[in-house]
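Chain by chain, the residues run as shown.
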Amino acid sequence: MVPLSYYLVLSGILFACGVTGFLIKRNIITIFMSIELMLNGVNLSFVAFAAQWGKLSGQIFVFFVMVVAAAEAAVGLAIIIAVYRTRETLNVDQVNLLKL
Amino acid sequence: MQPVATTFFFYLLSGAAILGGVLVITRKNPVHSALALIMTLLAQAGLYLMLYAPFVAGVQIILYAGGIMVLFLFVIMLVNIEKVQKQEQFNKQWLVGIVAAAALGVLFVLVYMKGESLFPKHVVRLAEESNTQEIAVLLYGQYMFAFEIASLLLLVAIIGAVVMAKKRI
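Chains as they are written, first to last, in the numbering used here: chain A, 1 to 100; chain B, 1 to 169.
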């Protein structure tokens with residue numbers, strides 16, 4: 001049996017990957033993928049805690065996190081398409097004004 | 001079912017997950033990033049199975065690897081990635097990024113060292129045969145209200161996505 005701390009360390013590494021990608025990338029789509037990576041790191045720790053405590057509430061919460069991630073992905077990607085249509089770029093440094 | 005070779009599978013799956021996570025933030029081509037993210041998600045589904053959560057593992061594969069990532073790939077194909085690849089990949093914030101990641105790592109380690117009492121000592125084994133049934137009972141009983149709100153959120157997201165991506169409203 002792998003101890004809980006190993007899963008927590010893995011979840012922390014995945015979260016740190018997401019944070020680093022979010023801060024250093026310029027491509028807006030990759031930034032979005034970094035957010036998904038962070039959400040997944042947190043999901044892993046939820047499931048690990050659920051297995052350790054023997055309670056299912058953690059798994060239920062993962063379900064809700066996935067629902068929110070799906071909603072966020074749909075709206076965010078629609079925004080990306082709208083931004084690309086008006087500005088012809090995906091570089092976040094060139095998309096720093098709400099108004100054209 | 002008695003688990004076999006859990007340590008080996010843990011290291012295999014976590015290695016795949018970390019490799020995928022690093023590839024996501026280092027690849028130039030967004031398509032490669034998306035494929036690396038799919039690798040991470042599938043490895044995580046395997047880890048969920050090891051943690052006696054077959055329902056969450058199934059939802060992870062169907063919803064994340066099957067649904068959200070297809071959406072990502074569609075959007076990547078809608079925009080012109082050849083122009084994106086020629087641009088500068090990283091911004092000037094790499095120092096801030098590394099400092100933030102290191103601070104987060106230190107925070108996690110501190111919480112783990114100081115918060116001994118937060119973590120349970122003994123493992124309670126979850127029943128994996130009736131996992132889906134128990135989740136359904138909880139979801140439609142105790143968490144009914146949250147479930148309804150989640151469905152409302154999805155409805156709002158559908159309308160928002162359609163309105164936002166439309167050329168002319």
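It is worth saying that the hints were derived from the structure and are not from the lab. Ideal Cβ positions, reconstructed from N, Cα and C, are used throughout, including at glycine. The reader is advised that the hints may include incorrect statements.
Subject to a maximum C-alpha distance of 30 Å in a straight line, what follows is the list of computed DSSO-like cross-link-like pairs (lysine-lysine) [said to hold, decoys possible]:
| id | chain 1 | residue 1 | chain 2 | residue 2 |
| --- | --- | --- | --- | --- |
| 1 | A | K55 | B | K83 |
| 2 | B | K86 | A | K55 |
| 3 | B | K28 | B | K114 |
| 4 | B | K114 | A | K99 |
| 5 | B | K92 | A | K99 |
Facing chain B, from chain A, some residues (calculated, C-beta under 7 Å) [stated by the list, open to error]:
| id | residue |
| --- | --- |
| 6 | I35 |
| 7 | M38 |
| 8 | N40 |
| 9 | V42 |
| 10 | A74 |
### Task
Any hints from earlier that this structure breaks? Give me their numbers in increasing order, please.
1, 2, 3, 4, 6, 7 and 9
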